[in-house]
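Trainee: This is what each chain is made of:
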Amino acid sequence: MKSTKYSEKVLDHFRNPRNVGTLEGDDVAVGKVGNPTCGDIMEVYIRIDGEKITDAKFRTFGCGSAIATTSMTTEMVVGMTLDEAMELNRSDVADELDGLPPIKMHCSNLAADALHEAITNFRIGRGDIVAKEEKSAEPEPGCVVGQDEYLNKGVWLVVDDPPAFKDQRTLILHSGDESVETAIELTEQTDRVILLTPEKTVMTTPELEKRLEESSVKLLTESRLLEIRGEFEVEKALIFNIDEDEEYELFVDAVVIIE
Amino acid sequence: MKQVYLDYQSAKPVDPRVIEGMTKYLHEAFGNPSALHQVGDDASDALDESRKSIAKFINADEDEIIFTSGATEAINMGIIGYALRNKKKGNHIVMSEIEHISIHNIAKHLERLGFEISKVPVGQYGKVNMRKLERRITDQTILISVGMASNEIGTLQPISEIGKLAAEKGIAFHTDAVAAEGLAPIDVRKDNINLMALSSNDLYGPRGVGVMYMQKKYRVNPIIIGGGQERGLRSGSEDIPGIVGMKLAVDIMNKEMKSEVKRFQGYRDRMIKQVLDEVPDSYLNGHPTDRLASNAHFRFDGIEGESILLSFKDLNISVSTGSACTSKTLEPSHTLIATGLLHEEAHGSLQLTTGRFNTEDDIDRVLEVVPDVVTRLRDLSPIYKKK
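First to last, the protein sequences are chains A and B. Position one of the first sequence corresponds to residue 1 (our numbering), numbered consecutively onward. Position one of the second sequence corresponds to residue 260 (our numbering), numbered consecutively onward.
These are calculated hints, taken from the structure and not from any lab test. Heads up, a few of these hints could be off.
[Claimed, not checked] Here are some of the chain A residues that sit facing chain B, going by a computed Cβ distance under 7 Å: (1) 18; (2) 20; (3) 39; (4) 60; (5) 62; (6) 63; (7) 64; (8) 150; (9) 169; (10) 192.
Yeah, the Cβ is synthetic: ideal placement off N, Cα and C, and Gly gets one too.
Based on the provided sequences and hints, a complete structural model is requested.
Mentor: Encoded structure:
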């Protein structure tokens, strides 16, 4: 079956998604799920009165079935008790949509998971259950594999000749305000500057933050550089996504590590 | 509402003039070219004529044209056939990171057979880096394969330079010309091309026909063994109607390519300018200038390609995307990743490729709806942040 061979119901929810948006308030919980490999990110918001779900909203980045399944889930859960909603699973949602193409059953059908996460978050907040302990403190990031090997072959500890970065896809590790400034300056040389930070945002001065936002610098948050790869010179960076616990290769020409 | 077709890179309609000219060979001149009677002679004459025209189209000689069942088979013969034939000379092959997927899969197959494959990275616009290509060559290298243009982002490769380098080093040069044929002139002599794959459909001929060009003194092992047609290189009774169809498609190209390409350039430049102007946080994928005349390839922050494609489908517009959600493997386009994009960026891509039967009205139609489609999907998206 073609991956886009959708039922009329799926197409209807794709064309006219129900309950798009977000909710706010003390009685609201949110669950977020995502899979970076197949590119779907879903947020489900629920409003809860005692044990009952009284309202639901969603936002989705993803393919047709990702949008349709979150839309359908928000329709199905309003009126349910929390226990009932915890029972709702992926195949219930797919069935209600008259089925999904087999290849879309997994990663584009995470809406029920987002719903369960929202309920769990709500129950934790109310004190019904205890949050699972966060993963033990992250291991100290070791040095980047390949940093010495590729030093001056695409790995730079200082940027003293910006024009040498012309059209180079440049990855800069956030190590303080100087690295942010360097990233912004390099956008004059190349369309592609990526600033990498293990944090959720780039911590810097308000002035730099504003300049960064207005610049073409691409932010890569919650990520670490594990390894630099290439034949003879820098060609790829192995990036670790902390949030998703996944590694992937990114093609780059230069890596700037200002210590 | 009339269907607007902007996916010429994935398939082209057969030109009605081609259909008209080839049907005779389905029922009147239907003979087997190997047969010695008149009906057979009619077929073998048509085969010879076709070979002559197609050879001329790429500045080759007739005996350098081998008909196949399409470009995929031609690529298989050109790369696998050459590697197996020449394995005593070396076991190393160099190709680019942004070859068509069929070539990446051939590379995997050859690795299992004991060959070593080096892939040359491309720059941010998709061009093969010559310095990196040259550094990958070893004394074991027998073949370099780089496509003339990217079938996805349309970037043109420095074919002349690669051909020259390969010739200097005494290494065979194979190129997959499918994305570029009919959009740019091909001259195998000038560019030092030794092996090349062509498809008939990409010239508005019928599908199921292709050509492997093989320069004299180069040798490949056949992939298909049988009755010894095509000098033993490609057995099986020749598909005369299909081959004649490809020849007729070439004849039309000879007359019309120049003006047609100018027309596509106009469409392309209009699409690129207007989309980038009107849609915030939109970008062009591929090279700003060195790209196929027919190719406009965009990406939009915060939205996903299959949703874009479905939205256009509802508006009776056929487009394509490099998003994972439309691929068999659920992986985003290897070409977009090779240009340095992150997965989330590669997902939000839109490929518009024009062709012979497009009109200005088609371009108007698509340009009219792009901003609305993008805005609607961004309104649903949790990750789009307006700058």
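Trainee: When the structure is checked against the list of hints, which entries are broken? Sort them ascending.
Mentor: 1, 8
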